[in-house]
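Undergrad: Taken in sequence, the protein lines are chains Y and L. The first sequence: position 194 = 193 (numbering that gives the first Met the number 0), numbered continuously. The second sequence: position 190 = 189 (numbering that gives the first Met the number 0), numbered continuously.
Note that these hints are calculated values from the structure, not bench results. We put the beta carbon where it would ideally sit given N, CA and C, even for glycine. Check the hints yourself; a few may be wrong.
Just some of the chain Y residues that point at chain L, by a computed CB distance under 8 Å [as the list claims (entries may be wrong)]:
1. 51
2. 62
3. 63
4. 64
5. 67
6. 69
7. 71
8. 86
9. 89
10. 93
11. 97
12. 98
13. 99
14. 116
15. 118
16. 262
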Amino acid sequence: MNIENKIATRQSYGEALAELGKKNEDIVVLDADLSQATKTSIFAKNFPERFKDIGIAEQNMMGIAAGLAAYGKIPYASTFAVFAAGRAYDQIRNSICYPNLNVKICATHSGVTVGEDGATHQMLEDISLMRTLPNMTVISPSDDTQTKWVIEEISKIKGPVYVRLARAKTPIIYDKKQKFEIGKGIQIGEGTDATIIATGVTVSEALFAQEILEKKNIHVRVVDIHTIKPIDKELIIKCAKETKKIITVEDHSIIGGLGTSVCEVLSEEYPTKVIRMGINDTFGKSGKAEELLKYFKIDRNSIAEKLL
Amino acid sequence: MLSLDTHGGSLSCADILTVLYFNQMNIDPKKPNVKERDRFVLSKGHCAPALYGALAEKGYFKKELLNGFRTLEGAMQGHPDMTKVPGVDMSTGSLGQGLSTAVGMAIGSKLDSAGCRVYCLVGDGEIDEGQIWEAAMSASKYKLDNLCVILDHNGLQIDGTIEEVAGLVDIKQKFESFGFNVIETDGNDIEKLIYAFNSAKQTKGKPSIIIANTIKGKGVSFMENKVEWHGKAPNEEEYKMAINELKLKSFMD
Chain Y
0 MNIENKIATR QSYGEALAEL GKKNEDIVVL DADLSQATKT SIFAKNFPER
50 FKDIGIAEQN MMGIAAGLAA YGKIPYASTF AVFAAGRAYD QIRNSICYPN
100 LNVKICATHS GVTVGEDGAT HQMLEDISLM RTLPNMTVIS PSDDTQTKWV
150 IEEISKIKGP VYVRLARAKT PIIYDKKQKF EIGKGIQIGE GTDATIIATG
200 VTVSEALFAQ EILEKKNIHV RVVDIHTIKP IDKELIIKCA KETKKIITVE
250 DHSIIGGLGT SVCEVLSEEY PTKVIRMGIN DTFGKSGKAE ELLKYFKIDR
300 NSIAEKLL
Chain L
0 MLSLDTHGGS LSCADILTVL YFNQMNIDPK KPNVKERDRF VLSKGHCAPA
50 LYGALAEKGY FKKELLNGFR TLEGAMQGHP DMTKVPGVDM STGSLGQGLS
100 TAVGMAIGSK LDSAGCRVYC LVGDGEIDEG QIWEAAMSAS KYKLDNLCVI
150 LDHNGLQIDG TIEEVAGLVD IKQKFESFGF NVIETDGNDI EKLIYAFNSA
200 KQTKGKPSII IANTIKGKGV SFMENKVEWH GKAPNEEEYK MAINELKLKS
250 FMD
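Build the full structure now, drawing on both the sequences and the hints.
TA: See below:
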């Protein structure tokens with residue numbers, strides 16, 4: 000893990016999108032007056048003809064994306080997660096998922112790590128809302144390397160995809176040789192005392208917790224579930240069988256997100272006690288990203304404490 | 000038996016669909032998915048019966064399939080589903096959403112210089128939805144002269160007249176101020192509709208909207224301009240009267 004060069008997954012997204020634009024002329028990018036923040040501005044600068052700023056009209060943006068996909072283009076639609084999955088839920092449901100259209104929704108500013116903007120801008124229910132939609136694939140990448148891979152990879156699969164990105168800078172976890180596959184989680188470490196299952200920004204926190212625990216002679220493994228749907232049942236069941244405890248950590252409500260997804264798998268396939276760490280049925284608040292991780296107890300120390 | 004649910008609006012827009020599918024659109028029922036085709040979005044998705052009828056008549060599928068409308072066995076869902084019915088260019092049903100998708104299609108065609116025209120039928124009750132006006136703004140911003148919106152202006156929505164229910168007035172001025180070329184015509188007159196569509200086609204640099212003044216329940220004397228026939232199914236006697244007045248062959252025979 001490279002803690003010197005931190006990068007936000009929204010930045011990785013913007014850079015990957017501009018690269019993808021060179022390779023594939025069918026890529027069209029839409030934004031809702033937030034291109035500086037979502038980083039689609041990089042694509043816009045390189046391909047002004049294929050960038051459409053729809054204005055502060057997220058519902059319309061999702062509909063236009065649906066129409067572009069129905070026509071034969073590959074639209075990437077971006078805004079903050081709360082305005083994508085929340086504001087435009089019905090459009091995503093009826094105009095994109097029901098007709099199974101090839102729209103890539105790349106939502107930045109998910110979770111409490113949005114920081115100072117506070118609760119109205121901190122989306123904590125998007126995994127829950129998006130994974131319940133038929134035809135939808137839900138991906139929550141954890142670092143720069145993985146995000147760059149995801150952004151190109153989803154252009155090759157047909158159908159709607161929701162990618163959950165973050166505002167806050169996080170460490171680079173994977174080197175460029177790392178292999179990824181949609182629907183396949185990544186196990187880091189072989190510890191058998193516990194499995195910490197994380198997604199998005201909490202993966203690096205889980206890895207820091209792993210280091211803290213290692214010093215206390217507690218050996219845990221970390222599982223990066225970048226694809227929430229379809230979820231890697233096989234790996235989750237394997238870890239439940241091989242380790243004594245299962246903990247899930249997410250910058251999302253504990254209702255309907257990663258923790259719930261893991262519980263669904265285990266309760267049906269291999270009943271196991273699961274400790275869910277996340278935002279506990281409440282709204283977020285203003286503060287610095289790092290302060291908020293601590294406040295909501297999804298930071299490295301809080302994770303480690305659960306296992307001490 | 001053919002269900003005629005949501006027939007009031009279907010009858011008001013039947014003439015519009017007839018002109019589109021048999022006079023205006025560059026389409027081939029044998030190649031329903033070819034990229035270089037004109038497209039039609041039924042934003043007022045509850046008027047699916049009119050669309051299914053037009054598609055069947057055009058030869059996209061056998062007319063017998065219409066009997067499966069709104070049934071568990073049938074492909075014809077209560078609202079259009081593009082994944083199930085050949086010739087349906089967009090799944091619709093949740094009002095206010097179709098126009099944005101039509102804008103997306105028109106932008107796609109412009110990017111490719113493909114020359115496709117996109118038609119989108121919206122209801123006058125439907126334009127209560129804010130998303131319609133967001134889409135109208137985009138259509139104008141991107142100078143979508145390949146987009147032609149048709150407003151089925153029958154003046155009625157479920158709870159009453161469009162003025163009473165949501166306070167909708169000055170429709171023409173509203174679209175003009177949104178940058179549209181506005182054409183008003185009699186939406187139940189085939190020749191006038193053809194003239195309006197041709198005029199829209201010749202307008203460059205801005206989208207067009209045809210405000211088609213129509214009569215809800217057109218052609219069935221006891222349904223015309225009656226709010227209560229928005230979504231009510233006729234009984235057997237009423238059905239026979241309607242079929243007789245419309246000079247159609249009954250599906251009940």
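Undergrad: The structure should be examined with respect to each hint, and the outcome stated for every one.
TA: Checked hints:
{"no.": "1", "hint": "51", "verdict": "7 Å, holds"}
{"no.": "2", "hint": "62", "verdict": "2 Å, holds"}
{"no.": "3", "hint": "63", "verdict": "4 Å, holds"}
{"no.": "4", "hint": "64", "verdict": "6 Å, holds"}
{"no.": "5", "hint": "67", "verdict": "4 Å, holds"}
{"no.": "6", "hint": "69", "verdict": "6 Å, holds"}
{"no.": "7", "hint": "71", "verdict": "5 Å, holds"}
{"no.": "8", "hint": "86", "verdict": "11 Å, violated"}
{"no.": "9", "hint": "89", "verdict": "6 Å, holds"}
{"no.": "10", "hint": "93", "verdict": "4 Å, holds"}
{"no.": "11", "hint": "97", "verdict": "5 Å, holds"}
{"no.": "12", "hint": "98", "verdict": "4 Å, holds"}
{"no.": "13", "hint": "99", "verdict": "6 Å, holds"}
{"no.": "14", "hint": "116", "verdict": "24 Å, violated"}
{"no.": "15", "hint": "118", "verdict": "24 Å, violated"}
{"no.": "16", "hint": "262", "verdict": "32 Å, violated"}
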